[in-house]
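Undergrad: What follows is the residue order along each chain.
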Amino acid sequence: MRDRVIRVMALAVVSMAIAFAVPVAGQAPKKYSPPRTPWGDPDLQGVWNDATSTPLQRPGTVGGKEVLTDEEAAEFQAALAHDLTRDRRDGGPEVDVNRAYNDHWMDARRLKITADRRTSLIVDPADGRIPPLVPLSPERQQARAARAAAAARFQAGLPNDHLDMSLPVRCVIRTDSPPYLPTIYNNDFQIVQSPGFVTIAPEMIHSARIIPVDGRPHLNKGLKQWLGDSRGRWDGTTLVVETTNFRSDDGVIFQNANPATFKITERFTRVAADALNYEFTVEDPTTWTKAWTALIPWNKIDPAEQMYEYACHEDNFDIIHFLTGARKRERSGERR
Amino acid sequence: MGTKRPGFLAGLCVLLALAMPASAHHAFNAEFDPNKPVRFHAKVTKMLWVNPHVWIYVDVKKPDDSVEEWMIEAGTPNTLMRRGFTKDSLPPGTEVVVDGYQSKDGSNRANGRDLTLPNGQTLFLGSTGTGAPYDVKKK
Amino acid sequence: MRDTTIAMRRQAFLSILVTLAVVTAAGQQRTAPAADAQFPAYRAPHRPDGHPDLSGIWQALVTANWDLQDHEAQSGDHPEVMGAYGAGPAGQSIVEGGEIPYRPEALAKKRDNFAKRMQVDVSDDKKWHALGDPELKCYLPGVPRATYMPFPFQIVQGSNSTILIAYEFASATRIVRMDWKQESPADAWMGWSRGRWEGETLVVDVSGQREETWFDRAGDYHTDKLHVVERYTPASPYHLMYEATIEDPNVFTRPWKIRFPLYRRMEANLQLLEFKCVPFTEELLYGAFRKPTAR
Chain D
1 MRDRVIRVMA
11 LAVVSMAIAF
21 AVPVAGQAPK
31 KYSPPRTPWG
41 DPDLQGVWND
51 ATSTPLQRPG
61 TVGGKEVLTD
71 EEAAEFQAAL
81 AHDLTRDRRD
91 GGPEVDVNRA
101 YNDHWMDARR
111 LKITADRRTS
121 LIVDPADGRI
131 PPLVPLSPER
141 QQARAARAAA
151 AARFQAGLPN
161 DHLDMSLPVR
171 CVIRTDSPPY
181 LPTIYNNDFQ
191 IVQSPGFVTI
201 APEMIHSARI
211 IPVDGRPHLN
221 KGLKQWLGDS
231 RGRWDGTTLV
241 VETTNFRSDD
251 GVIFQNANPA
261 TFKITERFTR
271 VAADALNYEF
281 TVEDPTTWTK
291 AWTALIPWNK
301 IDPAEQMYEY
311 ACHEDNFDII
321 HFLTGARKRE
331 RSGERR
Chain C
1001 MGTKRPGFLA
1011 GLCVLLALAM
1021 PASAHHAFNA
1031 EFDPNKPVRF
1041 HAKVTKMLWV
1051 NPHVWIYVDV
1061 KKPDDSVEEW
1071 MIEAGTPNTL
1081 MRRGFTKDSL
1091 PPGTEVVVDG
1101 YQSKDGSNRA
1111 NGRDLTLPNG
1121 QTLFLGSTGT
1131 GAPYDVKKK
Chain Y
2001 MRDTTIAMRR
2011 QAFLSILVTL
2021 AVVTAAGQQR
2031 TAPAADAQFP
2041 AYRAPHRPDG
2051 HPDLSGIWQA
2061 LVTANWDLQD
2071 HEAQSGDHPE
2081 VMGAYGAGPA
2091 GQSIVEGGEI
2101 PYRPEALAKK
2111 RDNFAKRMQV
2121 DVSDDKKWHA
2131 LGDPELKCYL
2141 PGVPRATYMP
2151 FPFQIVQGSN
2161 STILIAYEFA
2171 SATRIVRMDW
2181 KQESPADAWM
2191 GWSRGRWEGE
2201 TLVVDVSGQR
2211 EETWFDRAGD
2221 YHTDKLHVVE
2231 RYTPASPYHL
2241 MYEATIEDPN
2251 VFTRPWKIRF
2261 PLYRRMEANL
2271 QLLEFKCVPF
2281 TEELLYGAFR
2291 KPTAR
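Residue numbers (the numbering used here), protein chains in the order written: chain D, 1 to 336; chain C, 1001 to 1139; chain Y, 2001 to 2295.
Honestly, the hints are just simulated from the structure, not real lab data.
No experiment lies behind these values; they were computed from the predicted model shown.
Hints may be right or wrong, so weigh each one.
Derived DMTMM-like pairs (lysine to aspartate or glutamate); straight-line CA-CA distance at most 20 Å [what the hints assert, rightly or not]:
#1 D/K328 / C/D1105
#2 Y/K2225 / C/D1088
#3 C/K1087 / Y/D2224
#4 D/K224 / Y/E2274
#5 C/K1087 / Y/E2211
#6 D/K328 / Y/D2125
#7 Y/K2291 / C/D1105
#8 C/K1046 / Y/E2274
#9 D/K221 / Y/E2274
#10 Y/K2127 / C/D1059
#11 Y/K2181 / D/D302
#12 C/K1046 / Y/E2211
#13 C/K1087 / Y/D2125
#14 C/K1087 / Y/E2183
#15 C/K1046 / Y/D2187
#16 Y/K2126 / C/D1065
#17 C/K1036 / D/D96
#18 Y/K2126 / Y/D2112
#19 C/K1036 / D/D90
#20 Y/K2127 / Y/E2183
#21 C/K1087 / Y/D2187
#22 Y/K2257 / Y/E2247
Negatives, chain Y to chain D, calculated, CB over 10 Å [stated by the list, open to error]:
#23 Y2042
#24 G2086
#25 Q2092
#26 S2093
#27 E2105
#28 K2109
#29 V2203
#30 R2259
Calculated Cβ distances over 12 Å to all of chain D for the following chain Y residues [stated by the list, open to error]:
#31 H2071
#32 H2078
#33 V2081
#34 M2082
#35 E2283
All C-beta atoms in this analysis are idealised placements derived from N, C-alpha and C, irrespective of residue type, glycine included.
Start from the sequences and build out the full structure, keeping to the hints where you can.
TA: Listed below in C-alpha cells is the structure:
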C-alpha cells in the first residue's frame, strides 16, 4: 500500500516536472520526438552534463524505497549542500586532510538528485544494487588481492612506484571509459554527429569515442583498446552502442570485470530539448550473477558554457609528490 | 537547518563514494601529512592554471623576515571557472591566510583547505557565491 | 610607324583576350578555389548547409614532425641502442620560403631545445617543462604539430556549428566552434579553436595555446604569444590542402606559413585506433622515484 502511494506520488512529481519544463529523465513519456540531423539521424548533439548526487546503488537506509517524495528530495539536497559546505573541524587531522577536497572543487550540479528522484541510478535489479559476485577463480582472486595491496600502499602514502597508482591517477583513462558514471567534477560530454558517425567526447580525459553507425563490423578480436571498440545503431530514436575489445589491464573495466566475458550495451535517448537518458547494461557471467542496468539523466548545459580541455598527464605533478614523499619517509624510517 | 535528518542521509559519504568510480581522484592523505598542519599569512605570486590541479604560488614571510615560497594545491580549473573563480581571481599581491596540511615529503607544498581573503571571506568553504546555502562562521 | 601601331594594337587585343579568358576562367572557378598547380580545379560535395564536407580520416605524409625545415637523414639521440630505428628521415622544408624567420636572439633556445630533446627531469614542479620534447613525454602536441604527426586524424563535421577533430596521437581532441566570438578563458595544450568558412576553405583561428609545445623534434618553439590560423581546402576527393600561418613576435620577425597536402586514408573500414602513450613514458619520467628494493 505504501509502495503504491509512493509510486503515485512519484508519477505526480514527474507530471509536475513536465508541466514546469524541468529537465525530465527516467520516466519520460514517449511523446518527445527529437529533431533530426540533415541526413535523418536523431540529433543528440550538444554539450551534456551528468552530475548528480543520486548514488549508483540504493543505500540500505531508505527501506527499499525506489523514489523519494518531493519533500524527502528537497530535504536530502539541502542537507547534502550543508554537509559539503559547512566548516567541519571534527574527526582529527587524518580526516581533516581529506576535507581540503571540498565543495569548492566540485561540480555544483552534483548537489542535485535526478529529476525523477530515484534512490539509485541502478534500475535493474529491482533492489537497486549491483548483483552479487560470482566466486572468482584463484587467479582473479590473487589479482584482486594484489590490486588491493597496491591501493593500500598508495593510500598510506607509500607507493612502490607509479604502478601502485590507479589508471585515473596516472592519467591514462578516467571517466572517458564506458560506462560513463557521474563523478565529482568535469561531468561534461560533447556529442558531435556527421553522416555515419556519432562522436562522444568526454571532458575528462579528452578521448573522443567515434562510433560508426553504418553497420560495419567490430575490429578483429586481436585488437584491444583502453576504451574498447564501439559500434552503434539506431533503434527508433535511441542510439544503441555495443562495445567490445577491451584491454585486459587492471582497472580497465568497471569493477574489474573479466574483459574476455564482459559485455556492455549503452542506450542514448533524447527525451527533451535539454535532456537525454543514458542507460547502460553490463553483464559478465564470470563476475556478476546477473546483468545489471543503470539509468543516468544527462542535462544540456547552459549554452554560454562550454566543455573545456582537461589535459591530465601534462601537469600531473602529484605523481612525483606521491613518490618523493614515500621515498623520504622510507629513508627516515616512518611507516605511516 | 533541520534537526531531524531523514534516515537515508546516514552514511552520506558512502553514498557519494558509490556514485563515482572509486579511483577517479586521489585521497589527499596519500600526499599530505595530517601531522603537519600549516597556517600562515602569505602573498600570492602567481597561479598555475593547469589541470589536473591549479597551483597557487605564495610567498610566506617567516619570523626572521626571510621569504619562503609555497605551492598550494587547488581544484581543477574547469570546475573553478564554472564556480566563478578564474585565473584572475587571485591577482599577484593578494594577501591571504592559508590553512592546510604540508606535503609528506616535507617540501613547501600544502593542500589548500582554506584560503581566507583580507576581507574575511573564506574561499574554499563555499561562502563566496558558490551557491552554498549556509554561511561559514570563521572559528 | 604603322606596323608598330598594328603590333601594339594586336598586343593590346591579345592582352584583352587573355584577360577575358582569365576572368572567365576565374568566374567559372568561383565555386572552386584557385587551383593549385598540381591539382585540377575541384569542388567538394557540399552539405545541406552549403559548405564543403571535410569529414573523413586524413594524414600528412611530410616529415615535418622531425623538422619543419630542410633536413638530412640523421641518427637519433641514442644510436648505440636504437640503430636505424631511432634515425630520422630526410625531408624538404614545408615552410614557405624555406626558412623559419627567427629573431637572431631566439635561435639559441631552439638549439638548446634540440640538444636536450631527449632529456627529462620532473623532480622539480617548477622545472617540469624545462627539458625535453613534449612529444617524447606524450604531451598533447598543440596546433599545427598535431596535423603533421605521423598518425591519422579524423574530422567529424557536425551539423550544429561544431567540428570535432580527433587525433590518434595521445587521443588528442579539438573542438572547433564555428563563428564563435568568445575568447578562451584559459590556456590549453590544443588551444582554443574558432572556425569560419571562406568559400570552400575552412579557416580556423587558434589562440590560447600552452607555451610549452614545440613545432617539431628539431626544437622549433614559441611562447604564449603564439597565434595560428589554419586553412583546410579540399583539393581533390582524396586531398585537403593544409596551410597554417604562425606568428609569435617574441620569437619570429614576422608571421610565416607552412603548407602541405593531407591525404585521405582509403582503406575500407579504417578507423582511428588508440595511441595512448602515457604508459610508454612512465618509466622514463617516474622510474627514478621507484622504491629501491622493489621489483
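Undergrad: Just pull the numbers of the violated hints for me, sorted ascending.
TA: Structure breaks hints 8, 16, 20, 35.
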